[in-house]
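Peer 1: Please construct the entire structure, taking both the sequences and the accompanying hints into account.
The lines below spell out each chain.
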Amino acid sequence: DQQVKQNSPSLSVQEGRISILNCDYTNSMFDYFLWYKKYPAEGPTFLISISSIKDKNEDGRFTVFLNKSAKHLSLHIVPSQPGDSAVYFCAAIDSGNTPLVFGKGTRLSVIA
Amino acid sequence: DTGVSQNPRHKITKRGQNVTFRCDPISEHNRLYWYRQTLGQGPEFLTYFQNEAQLEKSRLLSDRFSAERPKGSFSTLEIQRTEQGDSAMYLCASSFRSGAETQYFGPGTRLLVL
Chain A
1 DQQVKQNSPS LSVQEGRISI LNCDYTNSMF DYFLWYKKYP AEGPTFLISI SSIKDKNEDG
61 RFTVFLNKSA KHLSLHIVPS QPGDSAVYFC AAIDSGNTPL VFGKGTRLSV IA
Chain B
113 DTGVSQNPRH KITKRGQNVT FRCDPISEHN RLYWYRQTLG QGPEFLTYFQ NEAQLEKSRL
173 LSDRFSAERP KGSFSTLEIQ RTEQGDSAMY LCASSFRSGA ETQYFGPGTR LLVL
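These protein sequence lines are chains A and B, in that order.
With our numbering applied, the first sequence corresponds to residues 1 to 112, in that order.
With our numbering applied, the second sequence corresponds to residues 113 to 226, in that order.
In short, the hints are calculated from the structure, not lab data.
Check before you lean on any hint, since a few could be wrong.
Simulated pairs of lysine to aspartate or glutamate, DMTMM-like, Cα-Cα distance not exceeding 25 angstroms [stated by the list, open to error]:
no., chain 1, residue 1, chain 2, residue 2
1, A, K68, A, D24
2, A, K71, B, E213
3, A, K104, B, E213
Peer 2: Take a look at the structure:
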């Protein structure tokens, strides 16, 4: 049973436009959520996180929104740049149980 | 560079051989994690340490897998009698326990078992 789901395997967006990546989770004990970006043959790079006590966190071009009632979070990238092309992983953690639980990732392609 | 480092970056081995991977965490981090990632999947948790204590190892994939962190600094992950199904990217991450903790990943070791 997958506790973190990223239902879109891929997404293409034009440069300068908004990219929206979605993530759903099933475990109501998750209280901290993270987004990682991964280039081929490299480890995941931390992008942004959000605690379950918040509904929005912003860092430059990246904003994460959390809707706890819907068990849904999204990552917005504005404006999208070609260098943003990568696989984005959503991850969640129940702080009483340490391991991160990852989704399968969404491959973002930003087209110039 | 003060990030998480892993060695080797790539390893090709023959089935049945033993392999060992090393991870050096960010120096002030007391937690160290091992994950495995296969094609089309997100990273899958294997085990973790707080300082030198291995606090969770039930998710190690079989008894052929073992990990150590003898002095609470670097860690090693060993796979004995490798099988073709062990081919994957092995990722190490570290964090500083402070409630909501962000884990920072190394570049990974890509293992190919022939």
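Peer 1: Run every hint past the structure and note whether it holds.
Peer 2: To see whether the hints hold, each was checked on the structure:
no., hint, verdict
1, A:K68 / A:D24, "holds, 10 angstroms"
2, A:K71 / B:E213, "holds, 20 angstroms"
3, A:K104 / B:E213, "holds, 21 angstroms"
The structure fails none of the hints (numbered hints given earlier).
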